[in-house]
Amino acid sequence: MNGVTQRDLTNASLEELCDIKGVAQAVITSEQRDALAARFRSIPTGHHRRLDAWMVEKAGIQSSDFAWSPITTRRVLGNAALRYVERSPQLSYSDAVYEALADQLDRAARGHARTGSLGQWIANLANPIVGIVVAEATTWATQMHQMMGRLGPDIAMASVDAYYDVAGARTTLRGRRDALIKSEEGRIVIRFRSGLPVRTAGAGLRADLAVEALSDPQGHVAQRIIGIWPEAGVALALDGTMETLRAGARDLVRSAIVEHRHYTRIAA
Amino acid sequence: MTTTATPHIVTLIDSLRDARRTTSPEVALDSAGIRATLADGIYSLLGEAQPTIPYVIRPSSFRRDVATSSYTPYGRMRGALITQLMRLIAIDFPIHDLFTDAVAAWRASEGASELVEVFAGLDDDERARLATEVVAHGVVLQQRLGIPPSSWLPRTAVRSAIRLGGGGVILRDHIDLVIGSANGVGSGVALIDITTSILDESMERALRFHAVVETLKSGLAPRFVATLSTATGQLWRFNVDNELLHRGVGEILSTLDALVAGR
Chain A
84 MNGVTQRDLT NASLEELCDI KGVAQAVITS EQRDALAARF RSIPTGHHRR
134 LDAWMVEKAG IQSSDFAWSP ITTRRVLGNA ALRYVERSPQ LSYSDAVYEA
184 LADQLDRAAR GHARTGSLGQ WIANLANPIV GIVVAEATTW ATQMHQMMGR
234 LGPDIAMASV DAYYDVAGAR TTLRGRRDAL IKSEEGRIVI RFRSGLPVRT
284 AGAGLRADLA VEALSDPQGH VAQRIIGIWP EAGVALALDG TMETLRAGAR
334 DLVRSAIVEH RHYTRIAA
Chain B
2 MTTTATPHIV TLIDSLRDAR RTTSPEVALD SAGIRATLAD GIYSLLGEAQ
52 PTIPYVIRPS SFRRDVATSS YTPYGRMRGA LITQLMRLIA IDFPIHDLFT
102 DAVAAWRASE GASELVEVFA GLDDDERARL ATEVVAHGVV LQQRLGIPPS
152 SWLPRTAVRS AIRLGGGGVI LRDHIDLVIG SANGVGSGVA LIDITTSILD
202 ESMERALRFH AVVETLKSGL APRFVATLST ATGQLWRFNV DNELLHRGVG
252 EILSTLDALV AGR
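First to last, the protein sequences are chains A and B. Here the first sequence is numbered in my numbering, starting from 84 and rising by one per residue. Here the second sequence is numbered in my numbering, starting from 2 and rising by one per residue.
For the record, the hints were derived by calculation from the structure and aren't laboratory data. Note that the coordinates shown come from a computational prediction; the quantities given were computed from them, not determined experimentally. Glycine included, every Cβ here is placed at the ideal spot set by N, Cα and C. Treat the hints with caution; some may be incorrect.
Short derived list, chain A residues pointing at chain B, Cβ under 8 Å [to be verified]:
#, residue
1, S152
2, S175
3, A209
4, I212
5, V217
6, T225
7, G278
8, E314
9, G316
Here are the simulated distance ranges between beta carbons [unchecked claim]:
#, chain 1, residue 1, chain 2, residue 2, range
10, A, G235, B, P95, 31 to 41 Å
11, B, D31, A, V281, 28 to 38 Å
12, A, D178, B, I199, 42 to 52 Å
13, A, T347, B, T133, 56 to 66 Å
Okay, the calculated bits of chain A under chain B, using three or more residues with CB under 8 Å as the criterion [stated by the list, open to error]:
#, region
14, 88–100
15, 115–129
16, 176–186
Looking at chain A on its own, in the form it has when it is part of the complex:
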């Protein structure tokens, strides 16, 4: 599978995408990590940089107008709910969402939630809005779990997103991952996305895959990343080759450069 592969969400296509027999596992060496760190260090920054696939897809533009809403909460709460369901399969999706919601409120009540965090936002919501937040997260969790059921028995929710702090470069890379398929042949990273895939969706997946590999202490690269757009009925997949990884890393470096230019322009 060279480059980005696109498939409809039929059972046969999903089976094909989950088959990684014969796909060799690439490994990132410490020399490669050092080279990447040097690239990031060469791009000046006056603040701690946070880069992710979203920025790569948006050509390095920082999201300045993020606000919590029922839709923006659904991935956080829905994924947390699915982790509850994996631990306690007797829980319904909505009950699991309430558990995830309670965790957020508990953190806010104990003072562990920072200003602007999800916990603080939820703590100040009117009752009907909490209802819509629960409805959104329940719908997300149900749809994702339904899709996971079609991806085979080895799939499980990822416990957290992948983070990699670049040594000495004041840069944190974040790779989103919703689920992982771990089998004898290796591992596949699964991303669930909303809406329609944009032209830069492949670049976003490459960036997620690169950060996921960098965050692995041994540098083992996942054999494949599959982005699933359930609303569009489409999946995009990329193999974890060294070429894919280099392209992903290059896109992240490019995002850092664009971000630096953006801040320089503001300062001027």
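Go by the hints and put chain B onto chain A.
The following block gives chain B in isolation, referenced to the frame of chain A:
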């Protein structure tokens, strides 16, 4: 089609529960054939040239000519508020005041939009009129929808966007309530559309559109499509079969033909 004429007794969920118990003969639904027929039809209409702006087909594309009153800002606001109430009912969330709860939920979901601005600009009389309409429709919704059991995996406000013809055509859909699972042998999914207007032939076309889009999206056809009118309390339910899907495809192509001719 099943029409229920006893609005005060049977809820939509009851109706689906009965239908799910009834074993219908297994129909082999041809989702690949549906996609191929659509692709061929789109090619014959658009040819190889890609339109600079894609043609977008929505359920409203089938309803606009008949139910024009529902597409005024006032009708759209009423519909949006009833959708929020439906979402709260579907997860069995307590509702204290039908109108104020619906407005709070809607404004949080919608964010800043043209419709929210229209709402903010309503004078007291207009707002009171909207409130009384929403409460009347909300009462019918509470009586006639029923609460889906969590084991039916209810999902609300489920969006779809399917690109066809190399991106020249986009089918956009929004299903108010989806229940059942598409996993396993055959599909047990039911798509439910809640409308504040009366049910008519155009609603049948919108339901067929929902069935086609779901089939394209998941590769599996739904088992039922159903609708509830909060204006009259009337319920319609259709079993999805190949004939329904192919009629839906034909209607999509006719709508596209009209769009192409009108551009």
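(Q) Between the beta carbons of D178 (chain A) and I199 (chain B), is the distance compatible with 42 to 52 Å? (A) Violated: the Cβ-Cβ distance is about 37 Å, outside 42 to 52 Å.
Q) Hint check: is the beta carbon of E314 (chain A) less than 8 Å from a beta carbon of chain B? A) 5 Å, holds
Q: Count the residues of the region 176–186 of chain A whose CB lies closer than 8 Å to any CB of chain B, then report whether that count reaches three.
A: Satisfied; 3 residues make the cut.
Q: Using the beta carbons of G235 (chain A) and P95 (chain B), state whether their distance is inside 31 to 41 Å or not.
A: Check passed, 39 Å falls within 31 to 41 Å.
Q) When the nearest CB of chain B is found for A209 (chain A), is that gap smaller than 8 Å? A) Where the cut-off is 8 Å and the nearest Cβ of chain B is about 5 Å from A209 (chain A), the hint holds.
Q) Holds or violated: is the Cβ of S175 (chain A) closer than 8 Å to a Cβ in chain B? A) 4 Å, holds
Q) Can T225 (chain A) be said to touch chain B, with a Cβ gap under 8 Å? A) Interface hint status for T225 (chain A): holds (5 Å vs cutoff 8 Å).
**Q.** Hint status (Cβ of G316 (chain A) to nearest Cβ of chain B, threshold 8 Å)
**A.** 4 Å, holds
Q) Is the distance from the Cβ of D31 (chain B) to the Cβ of V281 (chain A) consistent with 28 to 38 Å? A) 31 Å, holds
Q | Cut-off 8 Å, beta-carbon criterion: hint that G278 (chain A) touches chain B | A | Hint holds; G278 (chain A) Cβ to chain B Cβ min 6 Å, cut 8 Å.
Q: With a C-beta cutoff of 8 Å, work out whether three or more residues of the region 88–100 of chain A approach chain B closely enough for the coverage to hold.
A: Since 5 is at least three, the answer is holds.
**Q.** Supplied distance hint 56 to 66 Å, evaluated on CB atoms of T347 (chain A) and T133 (chain B)
**A.** Holds, at about 57 Å.
The earlier numbered hints that this structure contradicts are 12, 15.
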